[in-house]
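Protein chains in written order, with our numbering: chain A, 351 to 683; chain B, 893 to 1390; chain C, 7 to 333.
It is possible that part of the hints are untrue.
[Claimed, not checked] Okay, the calculated beta carbon distance ranges per label pair: (1) B:1011 / A:657: 45 to 51 Å; (2) B:1207 / C:101: 56 to 62 Å; (3) A:668 / C:326: 43 to 49 Å; (4) C:19 / A:657: 45 to 51 Å; (5) B:1260 / A:360: 32 to 38 Å; (6) B:1217 / A:449: 56 to 62 Å; (7) A:360 / C:155: 50 to 56 Å; (8) B:1028 / A:468: 52 to 58 Å; (9) C:298 / A:648: 39 to 45 Å; (10) C:184 / A:435: 42 to 48 Å; (11) A:511 / C:298: 56 to 62 Å; (12) C:322 / B:1286: 52 to 58 Å; (13) C:39 / B:1260: 33 to 39 Å.
Since the hints were derived computationally from the structure, they do not count as laboratory data.
For glycine and all other residues, C-beta sits at the position ideal for the given N, C-alpha and C.
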Amino acid sequence: MKKLLTRHETYVFLAIVVFSIIITSINPSFFTIENLFDLLKSYSLMGTFAIGMLFVLISGGIDISFTATATITGYVVAVLLLKYGEGLNILSVFLIAGGIGILLGLFNAVIIYFFKIPSIITTIATLNIYYGILTVVSKGKWLYGFPTWFGDFNNIRVFTLYTADGNPYGLSIITVIWFALILIGWFILRYTILGRSIYAMGGNPASAQRAGFNLLGLNLFVYSFMGLMAGIGSVIQALLVQTVAPNSLVGKEMDVIAAVVLGGASLTGGTGTMLGTILGVTLIAIMGNGLTLMHVSSLWYKVIIGFVILVSVGVSAYRSKRSTRKHIITEVN
Amino acid sequence: MAEPFLALRKVSKHYAGVTALDKVDFDIQKGEIHCLAGENGSGKSTIIKIISETVKADPGSVIEIKGHAVHGNKAIDAINKGIQVIYQDPSLFPNLTVAENIALGGFVASHRKLINWKELRRGAEKAMARIDVRLPLDAIVREISIADQQLVAICRALTRDVELLIMDEPTASLTKKEVDSLLAVVTDMKSKGIATMFVSHKLNEILQIADRVSVIRDGKMVGTYPGSELNDEKLTILMTGKKVEYQRFVAGKNGNNPILECQWLSRRGEYKDINFKLFPGEILGITGLLGSGRTELALSLFGISQPDTGEILFNGKPVNIRSIQDAMRLGIAYVPEDRLTQGLVNNQSVGKNIIVTTLDSLVNRFKLLDQGKVTDSIQRWIKDLTIKIPSVESPVQTLSGGNQQRVVLAKWIATQPRVLILDGPTIGIDVAAKFDIHKIIRELAEKGIAIILISEEIPEVYNNCNRVLVMHKGCILGEYDTRQATQEDIQNHVNGAY
Amino acid sequence: MLRKFSHFLVLLAVMVFIMFLMWGFTGHDFMNLGNFQSMAYQMPELGVLSLAMMIAMLTSGINLSIIATANLSGIVIALILTTYLSPDAVGGSTFWVIVIAILAGLIVSALVGALNGFLIAVLEISPILATLGTMIMISGISIVLTEGYVISGFPTAMLAIGNGDLLGIPIPILVFLGCAVIMSVILNNTPLGTRIYLLGSNPIACFYSGVDNRSVLFRTYIISGLYSGVAAVIMISRFNSAKADYGESYLLLTVLAAVLGGVSAAGGFGRVSGLFLSLVILQMISSGLNLMGISNFLTLALWGIVLIFVMVVNYFIENQQQGRRIA
């Protein structure tokens, strides 16, 4: 019990509960299975990106370029769908997007590892490179009119329920894909040597090197995994909106980082859990959804999200300040 | 003698023209406790790097393990041959649990893919049982003490088939009690046939249990001696190649009014009922072991922490020192114990480091830095303290330990302090440079500055101070006048405190 | 010292190389007064914002809220201007309204800076998280204030700041040069500047040297906020409008420009002169490609490539120097 109180996840969970109660008391339609399923589907994209970001943050790095990676993979997939639409299937689409994502991630890892350039700098540079090239190649055009099977896949429900007035709803296949990715990510972090090595490297890279860990391999894995999630995310995005636009993901990188950090991952590496990340995404999701349901103007959305982030990081800064020696004014970042 | 576990024959190492090691011969027997002693920069760490195969020796060098020549060049190769190094910072993963820190490396080395948490815990428990220690398996390493962290590092080494454990400066950050239990662990390992090599420049505790001691100086092996034949003094002569004669310090007459006085000063968990007076022109020694409250007391005098009860009188008037800025306004300066993180901004220039304390007085009427004043001030202190540097723009990290400490002294002397508190001013500094630092301190005292010299080295306080306070568990146990007491008196008092 | 100097030389070489490259590709179009003038109109926005980013990075922090701050103060200025003046207003009172509007905008930006300073210096939140939070919150406030719309229609006197010239020299570049000189003086000629560099390298040693770290950080983020406010004035005057999400793509570019200019991502090192060269390089690439009729998105890609190139060159130079120093 005492251990529960020291965990970051507990506080995020409590925040979710409090928000849910407030929202439900104002608009009971929040607390319905229908709304829940909707929410899970529409936040699968952010959730997928967040899984990749969690891995990168735990390893002690950061990746800003994943939105550009996802834009590229999404665009390639869209072009292929328009050209060979009926010849492809959903699996091949995911494989193509994932494969390209992995390649772009590997490029990041190689630069970060071999030239010792900080990951934030490297990925800001590659963000511009990936995005710049894509925009030139695509000429900024939106792509739509995908084959029907691609649209149909988006509507698959694992099981279907009906509302009082007879409208169907249910758990979307997209949500299931997200859940599967969560499980895979959780398993890697918790039960594989690879996952624990990522934590170890994030905690103390110098020790990891001395202990004979393969840092190159770990870096390659972490950034290509982020690339893979970006690729999968881009397909989810294409499924959700049935359109691919070169600029639809730009600027989302900070939202994803914010969600993962809300979930307790540290930017200095070595800490963060899959559960926390899901909770962080959930918190952001229900705040966005809740404001709409409470009929608060959507104009206020960012103000409130920003405020919640500040309160959350403020509280955890205060807690860590109290637990460390208090006479050092500023720790080395 | 039986075939040694490890033998180095004519091992040399040159870095870009600089000789780090020059034809060193050296061996370690199975199950032996061997000390490698030498000053900073003598080549100790190069030997560790060569043995642990993170650095390759020059061609012509021969390294043999159990009679077989080795040519590996990866840390993991040495680990597989039964050699493990525990570095000064124990190189742990602060964010992982004790169990993981102990057992994870073994899992990685065995090329397995999955973790079996039960097996991992069992492995960790087994390693701890080998040296009879009990640590909570699920504790996060960041949250346990430094001494426990070192035990974790030892346990981690023991999960592999270790035959030689190398410990780099293992006792530097441990209390006396922790050192004793560490030595017990090492003796225990010896009985199990594991050799230990201590690498250190401070060996007084370790000498008791060492079988042999090898001394290295300027990259050359001076010789190997049975541990029982050496004492601190002999060792110092071997390490430095010269005999340093201490001249006793005698305080000048600088008035009868104390500049600083503590009355019944207490701070919970740190120090209790501290009473002393400090006079201008004297050097007051405070000695005691790590955790005796010596540093904590200094931090309160410097405004970093506040005493709970009691009073500090400055120049006879009660004062409230609530911040470093308050302390500096009174004329109190503090040279911290940890020079590299607290004392200096390592990668910045010597010049910036010197002027940081006096920036506000180096401005013109537009509140802009007066470059003339800045240059004058920097040059003056470099000259006064004979700091040897290529240029004022050189980063501090390129300086020797002695010159670095002079930079720290310079920045505080520049504030024209009336009370100068020196916390371990010669830690990690070579004997010759140490001597020069002591000279500077004495000259400052002669100029009328009141000095508090905190050190755990009793010869240092005995020779340089006119009075010495012995602290233990936060209390002052006794005061000695160095004209009357002998060094042994103080030593016995400190040791007797157990 | 050597390191920083060599970085400057690398930048200089890159700049000369790119200048000749662009000259070769575009001929007279590149090497003429008109082109340099148009570059001088474009560079200042990114330039002033990069200075705002730089000072935060020197303390080993970062300020992700600079664009949001600029937009908010731009909106405040725009709201005051459009409320009290019509686009064709002229005369003395117009001038004073503009002055008051700009002052109000700068005060707002300083207040946002103070909020960041409070979060980072007093609450000890890591700068990247604190400014991420304020970035989202401040841009939210801008959205609420404008309801997401564009505010436009300023008097001509206001537009002169972004589009006019003084003896043929564009006013924005004068503003930028003024900002750069002031930043250089702050960093090199004030006690605060020295403390910023030292704090960026080792806050603990600074603390033990009697530096009031809180005050240094607090002032740093207020200055960073103020510079964002100055950028806002140039921006809204050039666009003749203000909006909650203008220039969002500038955010990461300021980090890029600063790092290219030699500002260390770990803090403690970086000079205004290096940043200036870096901005010139970026602007020359952009203008050159523009003259060649190539999409300005390729510019982004090239900027990224130049950054990685310079960092890799630095890596090799540093490696070599370290090899020589090791002993």
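Per the hint of 52 to 58 Å, is the separation of the Cβ atoms of residue 1028 of chain B and residue 468 of chain A within bounds? With a Cβ separation near 36 Å, residue 1028 of chain B and residue 468 of chain A fall outside 52 to 58 Å, so the hint is violated.
### Query
Can the suggested window of 52 to 58 Å be confirmed for the beta-carbon pair residue 322 of chain C and residue 1286 of chain B?
22 Å, violated
- Is the distance from the Cβ of residue 511 of chain A to the Cβ of residue 298 of chain C consistent with 56 to 62 Å? Hint holds: Cβ distance 59 Å, inside 56 to 62 Å.
Exercise. Just tell me: holds or violated, for the beta carbon distance of residue 19 of chain C and residue 657 of chain A against 45 to 51 Å?
Key: 47 Å, holds
task: Using the Cβ atoms, figure out if residue 1207 of chain B sits within 56 to 62 Å of residue 101 of chain C.
output: Cβ of residue 1207 of chain B to Cβ of residue 101 of chain C: about 59 Å, so the range 56 to 62 Å holds.
For the pair residue 1011 of chain B and residue 657 of chain A, does the Cβ-Cβ distance stay inside 45 to 51 Å? 47 Å, holds
Margin query: Tell me if the beta carbons of residue 1260 of chain B and residue 360 of chain A are separated by a distance inside 32 to 38 Å.
Written below: 52 Å, violated
Look at the Cβ atoms of residue 668 of chain A and residue 326 of chain C and judge whether their distance stays inside 43 to 49 Å. 46 Å, holds
Between residue 39 of chain C and residue 1260 of chain B, does the beta-carbon spacing fit 33 to 39 Å? 36 Å, holds
Does the Cβ distance between residue 298 of chain C and residue 648 of chain A fall inside 39 to 45 Å?
At roughly 42 Å between Cβ atoms, residue 648 of chain A and residue 298 of chain C fall inside 39 to 45 Å, so the hint holds.
| task | Given the hint of 42 to 48 Å, check if residue 184 of chain C and residue 435 of chain A actually sit that far apart at their C-beta atoms. | result | 58 Å, violated
| query | Within 50 to 56 Å or not, the Cβ separation of residue 360 of chain A and residue 155 of chain C? | reply | 42 Å, violated
Checked against the numbered hints listed earlier, the structure breaks hints 5, 7, 8, 10 and 12; every other hint is satisfied.
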